[in-house]
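Novice: Here the protein sequences line up with chains H, G and V, keeping their order. The C-terminal position of the first sequence is numbered 1920 in this note's numbering, with every residue numbered one higher than the one before it. The C-terminal position of the second sequence is numbered 197 in this note's numbering, with every residue numbered one higher than the one before it. The C-terminal position of the third sequence is numbered 1136 in this note's numbering, with every residue numbered one higher than the one before it.
Rather than coming from a laboratory, the hints here were simulated on the basis of the structure. All C-beta atoms in this analysis are idealised placements derived from N, C-alpha and C, irrespective of residue type, glycine included. Any given hint could be a false lead.
[Unchecked claim] Computed from the model, here is a short list of chain H residues facing chain G with C-beta under 8 Å: (1) Ala1469; (2) Tyr1533; (3) Ala1604; (4) Lys1608; (5) Asn1625; (6) Phe1629; (7) Glu1665; (8) Ile1668; (9) Asp1847; (10) Ala1885.
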Amino acid sequence: MADFKVPELTGEIITPKVTLGATSGIKPFPANAELMGKVGFPAEKSADWKVKFLAKMGDILKKYKSVRVFLDICVRCGACTDKCHYYLSTGDPRNMPVYRQELMRSVYRKYFTTSGKLFGGLAAARELSDELLEEWITYFYQCSECRRCSVFCPYGIDTAEITMAAREILDSIGIGSKYNLAIINKAETIGNNLGMPGPALRNTLDFVEEEIQEKTGVDVKLPLDVEGADILLVTPSADFFAEPHIFSLEGYAKVFHQAGVSWTLSSHASEGGNFGMFIGNYNHMKTINKRIWDAARDLKVKRVIAGECGHAWRVLYSFSNTLNGPFDFLDPNYNVPQHICDYTLDLVKKGAIKLDKTANDDFSVTFHDSCNVARASRIGNEPGGQFTIPRELINAACNKFVDMAEETIGERTFCCGGGGGVLTDELIEVRVKGAMPRMQALKRVKDSNGVNFFALICAICKAQFTKIFPYYGIEMEEVGGIHQLVGNAIVLGAKEGV
Amino acid sequence: MPTMEFEGKTYEVDEEGYLMDWSLWNEGIAAEMAKQDNLELSDAHWEVIRFLRDYFEKYQIAPMIKILTKELAKKYGKEKGNTKYLYELYPAGPAKQACRYAGLPKPTGCV
Amino acid sequence: MNGLSSVFNLLAYIAAAVFVLGFLNKVVLYFKTPSPLKIPTTPAPKTSMGVVVRLIPEVLFFRSLLKGGITEKILWLGGWVFHVCFLLIVLRHLRFFTYPVPECIMFFQQIGIWAGLVFPLALLILIVRRFLNDRLATITLFADYFVLGLIIAIGSTGLLLKYFARTNLVDVKAFILGLLTLSPVQLPDSPMFLIHFSLVLILLVYFPFSKLMHAWGILISPTRAQVDNPREVRHVTPWA
Chain H
1423 MADFKVPELT GEIITPKVTL GATSGIKPFP ANAELMGKVG FPAEKSADWK
1473 VKFLAKMGDI LKKYKSVRVF LDICVRCGAC TDKCHYYLST GDPRNMPVYR
1523 QELMRSVYRK YFTTSGKLFG GLAAARELSD ELLEEWITYF YQCSECRRCS
1573 VFCPYGIDTA EITMAAREIL DSIGIGSKYN LAIINKAETI GNNLGMPGPA
1623 LRNTLDFVEE EIQEKTGVDV KLPLDVEGAD ILLVTPSADF FAEPHIFSLE
1673 GYAKVFHQAG VSWTLSSHAS EGGNFGMFIG NYNHMKTINK RIWDAARDLK
1723 VKRVIAGECG HAWRVLYSFS NTLNGPFDFL DPNYNVPQHI CDYTLDLVKK
1773 GAIKLDKTAN DDFSVTFHDS CNVARASRIG NEPGGQFTIP RELINAACNK
1823 FVDMAEETIG ERTFCCGGGG GVLTDELIEV RVKGAMPRMQ ALKRVKDSNG
1873 VNFFALICAI CKAQFTKIFP YYGIEMEEVG GIHQLVGNAI VLGAKEGV
Chain G
87 MPTMEFEGKT YEVDEEGYLM DWSLWNEGIA AEMAKQDNLE LSDAHWEVIR
137 FLRDYFEKYQ IAPMIKILTK ELAKKYGKEK GNTKYLYELY PAGPAKQACR
187 YAGLPKPTGC V
Chain V
897 MNGLSSVFNL LAYIAAAVFV LGFLNKVVLY FKTPSPLKIP TTPAPKTSMG
947 VVVRLIPEVL FFRSLLKGGI TEKILWLGGW VFHVCFLLIV LRHLRFFTYP
997 VPECIMFFQQ IGIWAGLVFP LALLILIVRR FLNDRLATIT LFADYFVLGL
1047 IIAIGSTGLL LKYFARTNLV DVKAFILGLL TLSPVQLPDS PMFLIHFSLV
1097 LILLVYFPFS KLMHAWGILI SPTRAQVDNP REVRHVTPWA
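The following block holds chain H by itself, in its conformation from the complex (with noise of 0.2 Å):
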């Protein structure tokens, strides 16, 4: 199945040994000339190109406090070393956080740096050139901007920082990774990742109120571009095209519909992912988060839910209100946005709907925390909300569900290994290695605990896992959202006493 070697399932994480080198070979597609105009960056690499990787830094050295901070005050004490889920399962060095940002240092020494002007390599200062670039282009997109490091680091240095300017540098002077520029060109042309226009999305509805029907015998909607809804829902467009991603969205339209309340996607804002944010391009990030709010205002909803998606949950979190904000024609009585299990757990708990958890009983469940929930944003209004409630939602959905080994959840979750743009074919053997330490954890609650359900509440989480786990010899229909587990519980048709 694969040309290298798929990690063992021992239910142990070990740290390897450095092995200088041992992924240098794995790098993302280029995008090409025509791409790269279309998304507003230089055609090629040009022959004055260090002049302007110079001035790119510059200007991100002035505008990011996080990128020059950190880039001052990492004391290379190593308590990241050991904390990469790639490192973890590659032992090449470069994927040590310290050392990865250590590619990014040595340049900043170089140029921005009186002790590395005046002392230069005794000073660990890296003088820009062609093999060092390689190097960038190789290991920065081989970070997944998960955060993990962040959490060890006694100075909360996040390596998702570096890995985005870096990129952003690569970007301004030509060179882009064709996988996530693509997507960012389609989310900003048509309207989301896919690249699926309105009349495809309508169709794809249609299936899904046909399959709904066909499988409950009720007549669940999927509304699209319906002005005047209460509630607009954003969602990953991999909702409308993948599994298992679909049955969430088969579970989204099902709570909605038992809830009585009026809702709508929208065909302009068919996305809630936003790819801006892992090339670290503010106007990206600020262009493809206006489409959603654009759409909120369109459509004059009251309310915006966003779907189960990682980053995309993190931009509309947390960078939403600063991009395109405020939101004041929205209804202040409710979070905007909202998580769509925040909703869902507190219709639940009001009784406004039912779940019958004996609908999962073939389920044992595990849930695996998203590192863009886990670390970067917070569901509800408690901070931690981010674990508790996707927790309590499947609780209240299935009668069997187990927590995996504490260092490998919450804050200190693993990422799948396929996030932060680097969900692409060409990068399949890091992302394979790299969901080693989440592989591990899961084995140990499957032997303990016959776990055959894999809950999420990440698109490129589903995505990932659903293409890794046949390496690992699990069957991939053990992925699923917490939405699917909520769609097979749900009770529809007549309320009592609501």
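Got chain H sorted already, so can you dock chains G and V onto it with the hints?
Specialist: This is chains G and V only, laid out in the frame that chain H set:
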């Protein structure tokens, strides 16, 4: 840019062998791609390819898997209307293999 | 005053100025560099008061290090003991900077001695771990050994002054107070003191241009110092 030779003509393809211009496609190209993968195209294979082409022409995107499997069920009966059967036909996956043979671009996003 | 004394008085002023201005320069630079987006590592506090509560154990007990494994536990031991000893030693040294010496500083005299003795051991842990662990060996730079070596040298010369190359403390105090009152006097007649003092000046000059700025960075790192309230309060920066 990588290319693919077929019947004396040169076609531009991307790094993974997807046709750059879907409108240049013809059935011979699909057969040629399959030949290179040592895969014999049966009627069922062709059914998938034609359905993908029709859907793409209508909607400018490949259909989601479920729509495709349902179509197979209509044509070949319930027991063949599932993802498993689709993977039997196209072991590398419907997106990776069937879309490529059909000359369609690879679906992007979190899929 | 002899020539050497003049030179050292001058160097001391230069070093102090470089340290203070260099440090302030970084503080201002960090202050002026905006955070365009809200990026606290969550779960994070919802209020500024909560951020203070989050930072206190980070500063006093290096809390995040304790989340790690055995390597970080060893690092914690070496690092925490080192920092505490450093603080106690500095407090002990304040008696050379004050006249009359406040009561509270007298309290640190004995404990400062103990700290001085433990100090090199803690530093030894910090150095040795960089050799023994292959990941640390890979990431360690010359600068890391340089600063550890420098501080060990400062600590050792201090101990030598205390126990073996004893110098006239009255002269030392007169010299320091002379510097502080801007009325420089003769250097104490002690080569060991001269070495100890020079090393401290090097540390002061090195500080603002090095990773030692983590001393300030820990307080303003956006992932730790930001409030988690992006939905309630619109965070804006001029450029964004």
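Novice: Return the numbers of the hints above that this structure violates; sort them in rising order.
Specialist: 1 and 2
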